[in-house]
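Start from the sequences, fold in the hints, and give me the full structure.
Chains as they are written, first to last, in my numbering: chain F, 640 to 956; chain S, 9 to 534; chain Y, -18 to 280.
No wet-lab data here; the hints were simulated from the structure.
Be aware that a few hints might be false.
Result set (DSSO-like, lysine-lysine): computed pairs, CA atoms no more than 30 Å apart in a straight line [unchecked claim]:
#, chain 1, residue 1, chain 2, residue 2
1, S, K104, S, K239
2, S, K480, S, K148
3, S, K34, F, K806
4, F, K721, S, K513
5, S, K357, S, K377
6, S, K510, F, K701
7, F, K701, S, K448
8, S, K448, S, K375
9, S, K34, F, K695
10, S, K511, S, K83
11, S, K104, S, K185
12, S, K510, S, K317
13, S, K295, S, K375
14, S, K239, S, K510
15, S, K511, F, K806
16, F, K701, S, K195
17, S, K148, F, K695
18, F, K806, S, K234
19, S, K210, S, K191
20, S, K187, F, K721
21, S, K83, S, K513
22, S, K195, F, K721
23, S, K83, S, K96
24, S, K195, S, K239
25, S, K123, F, K695
26, S, K450, F, K695
27, S, K104, F, K806
Cβ-to-Cβ under 10 Å is the rule here; a few derived chain Y residues that face chain F [as the list claims (entries may be wrong)]:
#, residue
28, P119
29, V127
30, A129
31, W247
32, I249
33, L254
34, T257
Here a beta-carbon is modelled for each residue, glycine too, at the ideal position from N, C-alpha and C.
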Amino acid sequence: MLGYIVRRLLMVIPTLIGVAVAVFFLIRVMPGDPVVVKLRADGAAVTEETIQAERKRLGLDKPLMVQFTDYMIGLTRLDLGKSLWTGESVAGEIAIRFPVTLQVAIMATLIAVFIAVPLGTLCAVYRDTWIDNVIRVLAVSGLAIPGFWLGMLIILGLLYFFNWLPKIGYVSIFEDPVANLSALFWPALSVGYRYAAVVTRMMRSALLEVMREDYIRTARAKGVYESLVTRRHGLRNALLPVVTVVGLEFAFLIGGLVVTEQVFNLNGIGKLFVDATARGDFTLLQGLVLLIATVFVIVNLLVDLLYAALDPRIRLT
Amino acid sequence: MRKLTLLSATALVALGGGLAEAQTPKKGGTLNFAVVAEPPTIDCHAVTTFAFAHPARPHYSTLLKWQGNANTGQKIVGDLATSWEVAKDGLSYTFKLHPNVKFHDGSPMTSNDVKVSYERIINPPEGVLSVRRALFQSIKEIETPDANTVVFKMKSPNASQLINFASPWNCIYSAAKLKDDPKFPEKTILGTGAYTFVENVKGSHWIGKRFDGYFLKDRPYLDGYKAYFVKSNAVVTGMIGGQFDGEFRGRTPKERDQLVSGMKENALVTEGPWVTNLLFTFNVAKKPFDDVRVRRALSMAIDRHGGSKALSQISMLKYVGGLLRPGYELARTEAELEAFPGFGKDINKAREEAKRLLKEAGVPNLKLKLVNRNVAEPYTPGGIFLIDQWRRIGVEAEHSQLETKLYFDAMRSGNFDVFLEFISDFADDPSSQFDKFLTKEKSSRSASGHTDKEMDRLFDLQAAALTMEERKKHVRAFEDRALSEVYSVPLLWWQRIIVRHKKIKDWEHHNNHFTASDLVNVWLDQ
Amino acid sequence: MADVTAGDAFAEKIPKRTNPIIKFIVAQPLGFVGFLIVLLYFVLAVGAQWISPYHPEEVDFSAMLTGPSPEHLFGTDQYGRDVFSRLVYGARTALAVGMLSAIVGCTLGAILGATSGYFGGMIDNIIQRLVDVMLSFPIIVLAMVVVAVLGRNMIAGIDANLIVAIALPMVPKMARIARSSTLSIAQMPFIDAARAAGYSHARIVLRHILPNIVAPYLIMLTAFIAQAILLEASLSFLGLGVTEPTAAWGLMLSGSSADFYQAAPWMILFPGLAITLAVFAFNLLGDSLRDWLDPKMKV
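Written as structure tokens, this is what we have:
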């Protein structure tokens, strides 16, 4: 097992280095000048000379390869550099926003799992009946509703029915759990719905597949009750692919809340990403993209390790 | 069919906040307001955004500032200066300063602090960014005859110099701190303003607290303030929900109506003109825009008066004006403007004329690319309106609405036929408003690529004028030429609509969103 | 449900065979519903200029923000533009962008995947690492980076770079599927025989490999069109996709339109429904196609 873990860990490193290099060069060819945006966006009469001075101050006048070397050396010390916009450390800028996104992602995952596991099981048990069909249509429509539109509808609904909206501004859950949850529940719900649809479909097909396997047939043949078969044998084995989907979707949410955070005015990673793109803040963008890729790779790794722990056959390959 | 009454809220509008607020101010309370953007840095000399002015200007003082309101008139008054004198030849400015001004750390402020702060603006040390240094290049040297007197000696007269001294961006820093570290203001806030700095939580809020050692007795009235950084679309709900009581950049007419219906009698609306306009610029380096007939035709096709009526109900666009803000003492009246292409009242006649001009120029079915900024208000309505107006004379426009970054890139590289841009400043000042109409070598902001030495000459004449009368003469001549040659031409000027809780008293509605943010005289009636 | 499959060779040999379309309707009623809705959207897109009562970009300041009425079926927006006409033309935008980017993404992915699977070795390794890197980003992030890097590039009224941005996130998924299909074929004896007979790679790939990835290609294409429509709407909503005054559903929901929710809820309701229904229909059709053509395939 240890050997497997080490081998898997070693495989992660080239992927991350690849991402780091690709991101640097991709983003540097981006058209537009972040300094011009910073200084001229509000209409100020800033001269060309001043713009050059600011480029120099930020180190953007250095040759690309020098900037690249600085950046890679920084990475070895886990230093992501400084934001071109605020001049403060990229890691710091991200750290301020990370808790919001993380919490919404966790809450959305919980919502999805609570909805999807029972529904997916129902589908598999009552396969091809009206129950199955209704749930499947709901799931397909869950995949179809744009998250931002659902978010807008939720906001409109809250305003229309309760004349209430959550307060703006993030409060830590440890400080004021009620305010925190009442604000973050709605964005979590708006992404959780789609997320639940994905997991429901996976739950259904995984269960159906497992139920076809020999040991289930054996259990049935032995006369074990159907409900017991489903619970004891089916569910446990079907959960493995479901865990995978949940893990990957969770990883995607860390970077993928872009639109939801816009709709609900949340100060998270997604909003930072939109801002950084609009401003052409290279360094911050690099940091964000690296973070998103790292989260994904780590979650992937954990899923793989979990598989290996549960299924000894994997370790051999 | 239900027709919406778009002007339902205007009954409550007090034009420009001209209410006589003669009540005795009350002390205490915290002012909560929203700021719809965030400043990139906290160094006053390096920022250009209102997102700095609103939360941070209360910490600082400047030599001069503005007082009054947008509709009845604004004038320059002293902030740190108790009085000032301009030499007849325009070559020196002498300021007497308030005695007993203290920084928030208790150290006294003297004329040397003013001198060192201005020197930082004029000649920033290595590693320091000063964005407005070009505006102060006619200053030769700064003298400090005594602790309460500052004298600015000029190389040549500058008709806009006093306006620039009243800029909200020239915060006075501590000379002693700057000596230790010229980058000090990027990290720490230390001013002489009415409020001390408490905290700035990125993406969340900014808090200021009353400064007990402020140099004006009994000011400020407030205990403090809290500025919330929110996205623009959250202002309405935040105000109706009572989380904050104002937003001081400006709202759209629709948001005003929502706020008035949501806040009921607590809403106080003030409206007035804004020293900001949308203008469109032709790429004169490209055919057929080198032909003045084409440029005139494209300006003529626009029903500015009709557009003003309709757009002012759904967007920030409102006033028909020339190169200077309608209402400013040097600006032309509506009647005077009518003679210029695109400013007349008979739109059908103008469109016939425009079609004829295009035919004459050999481009009856012109296709063009309009580059616009990807910001909803008011660029999108402006672009949609322009395209629709041009379609009516058979011109087909491709709308290239770009992110701010790509937008500026297109401007610099000349990758456009027509460019929809904006001018925004803190005061009516011909020098800053005309900058975009100059030949490229003379102005880094000029986008059209034309060369017009006559306009450059007139610009220099007005900038060096010693009297208002003389300046007016040159300003008029400049404007005549600009509106006839049509390298760039204003579409519409913006309206500034502010909705606040009526308990916020003595807040001044200015003609721009940068000034009037020091909160010295603001108080809460509660 | 999955009883009738394309591989059911015996069924094909029965003389009195039923029409395959009828067979599809019977086996996949939900899929058929999806198909009908898709067809409706195509009709709207193709016949937009005859169906819509107004020009979609026609500003009418005398009819700003009017509610649904016989003149304006779905009301008007803040510029007095007819919402119904904009929805109809929006179908054209959605289908054009959706199909183009799905075809580009799917084809590119299929080529990459087939190459990877057929040649194996070093090429396979490099392509797989590339696919890994691309798969480690949420699609919206990948698309946003592409939009930011490429800017805009209008060709014949369509932003070519937007197509690339939407197509790119689809490439790795298709590549994975094409690779595994190719691998299963490449190991068959007849491929070895073809190689031994000295046929060129091009001939083997064209004659033997490609026909075998047509089914997964079609299935993925349908699913990708749905995904592309959704992604285009999201990007337009963020202001990074289609721009005004072009009629596009996501755009109709973006920017200041949300400010009008109290006065004009129809401006928010109808475009959202249009997107949902379109994506729903393509998903339904895609799911049924998969069940019908290749029940074992996992997406």
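Each hint tested on the structure:
A C-alpha spacing of about 42 Å is found between K104(S) and K239(S), which places the hinted pair above 30 Å, so the restraint is violated. In summary, the hint linking K480(S) to K148(S) is supported, as the alpha carbons are separated by about 26 Å, within the 30 Å threshold. Proximity of K34(S) to K806(F) is assessed by CA-CA distance (about 29 Å); at most 30 Å being required, the pair is judged to hold. Restraint check for K721(F) and K513(S): not satisfied, since their Cα atoms lie roughly 42 Å apart, outside the 30 Å limit.
A threshold of 30 Å between alpha carbons decides the hint, and for K357(S) with K377(S) the separation of about 26 Å falls inside it, so the pair holds. For the hint linking K510(S) to K701(F), the alpha-carbon distance of about 53 Å lies beyond 30 Å, and the restraint is violated. For the suggested pair K701(F) and K448(S), the alpha carbons sit about 27 Å apart, so the restraint of at most 30 Å is met. A threshold of 30 Å between alpha carbons decides the hint, and for K448(S) with K375(S) the separation of about 26 Å falls inside it, so the pair holds.
Taking the CA atoms of K34(S) and K695(F), the gap is about 50 Å. The hint is violated against a cut of 30 Å. The suggested pairing of K511(S) with K83(S) holds, with an alpha-carbon distance near 25 Å, which does not exceed 30 Å. The suggested pairing of K104(S) with K185(S) holds, with an alpha-carbon distance near 23 Å, which does not exceed 30 Å. Among the hinted pairs, K510(S) with K317(S) is consistent with the structure: their alpha-carbon atoms are about 28 Å apart, no more than 30 Å.
Straight-line distance between C-alpha atoms of K295(S) and K375(S) comes to about 11 Å, which keeps the hinted pair within the 30 Å bound. Restraint check for K239(S) and K510(S): satisfied, since their Cα atoms lie roughly 23 Å apart, inside the 30 Å limit. Among the hinted pairs, K511(S) with K806(F) is consistent with the structure: their alpha-carbon atoms are about 21 Å apart, no more than 30 Å. The suggested pairing of K701(F) with K195(S) holds, with an alpha-carbon distance near 25 Å, which does not exceed 30 Å.
Only pairs whose Cα atoms come within 30 Å are accepted, and K148(S) paired with K695(F) is accepted, the gap being roughly 26 Å. With a C-alpha separation of about 15 Å, the suggested pair K806(F) and K234(S) falls inside the 30 Å cut-off, and the hint holds. Taking the CA atoms of K210(S) and K191(S), the gap is near 20 Å; set against the 30 Å cutoff, the hint holds. Between K187(S) and K721(F) the CA atoms are separated by roughly 25 Å; this keeps the pair inside 30 Å, and the hint holds.
Taking the CA atoms of K83(S) and K513(S), the gap is about 20 Å. The hint holds against a cut of 30 Å. For the proposed pair K195(S) and K721(F), the alpha carbon gap of about 14 Å is at most 30 Å, so the pair holds. The hinted pair formed by K83(S) and K96(S) meets the criterion: a straight-line CA distance of about 20 Å does not exceed 30 Å. Of the pairs offered as hints, the one joining K195(S) and K239(S) holds, with about 25 Å between alpha carbons and a cut-off of 30 Å not exceeded.
Taking the CA atoms of K123(S) and K695(F), the gap is near 26 Å; set against the 30 Å cutoff, the hint holds. For the suggested pair K450(S) and K695(F), the alpha carbons sit about 23 Å apart, so the restraint of at most 30 Å is met. In summary, the hint linking K104(S) to K806(F) is not supported, as the alpha carbons are separated by about 47 Å, beyond the 30 Å threshold. For P119(Y), the interface hint holds, the least distance from its beta-carbon to any beta-carbon of chain F being 3 Å, beneath 10 Å.
About 9 Å separates the beta-carbon of V127(Y) from the nearest beta-carbon of chain F, less than 10 Å, and the hint is met. Below 10 Å, beta-carbon pairs count as interface contacts, and A129(Y) has one with chain F at about 5 Å; its hint therefore holds. Given the 10 Å rule on beta carbons, the hint for W247(Y) is violated: about 12 Å separates it from the nearest Cβ of chain F. Restraint check, I249(Y) versus chain F: the minimum CB separation of about 6 Å is within 10 Å; hint holds.
At about 9 Å, the closest approach between the beta carbon of L254(Y) and any beta carbon in chain F falls short of 10 Å, and the interface hint on this residue holds. Using the Cβ-Cβ criterion of 10 Å, the hint placing T257(Y) at the interface with chain F is satisfied: the shortest such distance is roughly 5 Å.
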